[in-house]
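Peer 1: Chain by chain, the residues run as shown.
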Amino acid sequence: MSNIEHDEAAIVIIGSGAGGGTLAYELTAKGLPVVVLEAGPYLRNEDYVNDEWEAFNQMAWLDPRTTSGSWRIARDFPNLPAWIVKAVGGTTTHWSGATPRFKAHEFAARSTYGRIDGANLLDWPITLVELAPYYDKAEVAMGSTHVHGRKPLPANNNYTVFANGAERLGYKFYSTGPYATNAEEYDGRPASIQDGFNFQGDKNKSKWSTLVREIPRAEATGLLDLRPESHAVQITHDASGRADAVLYLDKDGNLQRQAARLVAVAANSIETPRLLLQSASPMFPDGLANSSGQVGRNYMRHTTGSLYARFKDPVRMHRGETMAGVIADESRHDPDRGFAGGYFLETISLGPAFLASFSDPGAWGRGFTEILEAYANTAGLWIVGEDLPQESNRVTLNTTLSDKNGLPVPNVHFDDHTNDIAMREHGYAQAELLYEAVGSVGAQRTPPYPSTHNMGTSRMSARSEDGVVDKWGRAHDVPNLFISDGSVFTTSAAANPTLTIVALAIRQAEYIADQLKTGGI
Amino acid sequence: MAFPAKYPQMNATELTDEARSVLIRVIRVAFPHPSFPDAPYERTADTILREAENSTWFRVALTQGLLTLGHLAGGDFRDLNDEDGTKVLRRIETTEFFGFIRRTTVLNLYDNEDVWEILGYEGPSFDKGGYINRGFNDLDWLPEARTETYDGPEQLIEIATNASVAKIRGGENTPAIERDTSNQPGKRDATMMEMTK
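Same order as they appear, the protein sequences are chains P and G.
Residue numbers for the first sequence follow my numbering, beginning at 42 and rising by one.
Residue numbers for the second sequence follow my numbering, beginning at 325 and rising by one.
Worth double-checking, as some hints may not be accurate.
Below 30 Å or equal to it, Euclidean Cα-Cα: the simulated DSBU-like pairs (lysine-lysine) are [what the hints assert, rightly or not]:
1. P/K178 x P/K558
2. G/K452 x P/K192
3. G/K452 x P/K246
Per label pair, the in silico range of CB-to-CB distance [unchecked claim]:
4. G/R458 x P/A261: 34 to 42 Å
5. G/R458 x P/E226: 16 to 24 Å
6. G/P477 x P/P105: 51 to 59 Å
7. P/G190 x G/E417: 29 to 37 Å
I should point out that these hints are in silico values taken from the structure, not numbers from a laboratory.
From a predicted model like this one, the values you see are computed outputs, not experimental measurements.
In this text, a Cβ means the ideal position worked out from N, Cα and C, and glycines have one as well.
Taking the hints into account, I'd like the entire structure generated from these sequences.
Peer 2: Here it is as structure tokens:
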């Protein structure tokens, strides 16, 4: 591993997840040395544990956050708006692995859906055609099943219920993927042993994450200076308005300064805007790169919900991959359903500990214990669909509360749009029909979990008035500042975001390398 | 998180054995599992009592709650049947006292092997080789399902044909720059204004 001096103006990447980890590998592979500041520790696959709460406490981002707005999270989990990871590899160590692509019209939500009251819709400044080659590269890198010759994952019990229900309901576009989890040995990593602890890090390394692929490969180039337990506090700039350093707290709480010639922020959609807001200065009084006023706004979390259905016979959904099934039939845009945009249905499974905490937060009594009593006979699915950007759904600094470092904590404000609510209700109803078609005797509508899909707080726009970064993820206001995570999503689309984050990061790396070569930065 | 009492003598607030036994009954009435033996409920009650030791607020709320539950129960709460006990708990479900018991129970009762086995959950599996050879696909009451991508005659219609969308859909041949990238109200509104003039 390389050592880069603190006063050497370096390429500094903040975050090592889907965006930051990919960017770090792609740049080092092109011969460019980088510093990666990762707030969390360097956990390895062998450190992970097959226990829901123990793993959660080991991996999750648990620094205090606050919430406001009418979303149920603000009542049930007021200090846990998001369920993401603080460790090397970021949330790719926790993600389910689903890799659907965005559809062409989802890059043009404003043009396709028209004006929708309360929504801050905008077309992306890029198209599917432009991103398609990078989707290919990302799918190959991540080993997505069902594409590029990768074989499908086998059907586990939860999928067998899900797919039979789909078939009987008349759905056509169901399968066990695409998932970036190996059905057979691929890229030096083994096939899944179906252990059911995907959300807990995956000890077997069958699931793609930047921890198992991009980070070790970047290290192997000798050009990566990875600094775990390094929490970025501020991006500073010079008199010309160019970023010139990143201030961060090391593991002992000492403030360090890393000089920078280029800064790429990939800290996930709550910490990324938090860092930009913490970087306000007399030249950038509303926060760095925030002349549009859009930093922190348009926070999206996907329209989600789960349905846990009970049967007379055993399912044992905990056996096998946590997610290994997707139905795409409802991912279309069809306003006759009463909402714009679409959603996927994907299998999901929780153990009793998480099912108790998340299936119906606040519930108790006979109705609650029936959910747990039926555990062995329960099948589960997750609704994941497009949610609409709203300016008032927003990450701000809560200056009345400090974290252990004395920094203001982020507040996450969220209200569902009526479109989101209509989509969720439709999803629940379809899921109930699906399971009824295979004989369910009861079902629990589970509200959204703390968000694992966090998007939109530094969005991409053609015009600098409308967003924070351009089509390359480069800040409109600061020429050597890039955003490299899901924060740049102009709209959320229905698909799980990781594949798109990775594709954008591969594309951004090409652009950065090219611009550095030609003096464009 | 610790909230030490300002006056040390208050820390002596004792939860008696009787209070513990009322607490166990409260948990069983609130979270009834006929198949569970007493041990998981006792374990959970002891966790609650331990956590109360670390928080003055919870300790006083819990102590007061357990001491006075009998007033609502019209006698000893432990003498009520499940149905009547549930009614009493419904009346206090928004109290800090019950909320503390509920939250701590949800987090702890189900996070232990002693109930997993009863519920049919098998716990850690990696060390046993996962379920690849231990029944991940042993469901036998439904037919085998297709795992591959659908390759029949139908195509997924991404935009319903009845959707009155703008002609430009960000489609294959449309350069991004020509598309509507404004976040301002669209033309439709301007047209409306002209209509009403």
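Peer 1: Look at each hint and say if it fits the structure.
Peer 2: Status of each hint after checking the structure:
| no. | hint | in the structure |
| --- | --- | --- |
| 1 | P/K178 x P/K558 | holds, 23 Å |
| 2 | G/K452 x P/K192 | holds, 25 Å |
| 3 | G/K452 x P/K246 | holds, 16 Å |
| 4 | G/R458 x P/A261: 34 to 42 Å | holds, 36 Å |
| 5 | G/R458 x P/E226: 16 to 24 Å | holds, 20 Å |
| 6 | G/P477 x P/P105: 51 to 59 Å | holds, 55 Å |
| 7 | P/G190 x G/E417: 29 to 37 Å | violated, 56 Å |
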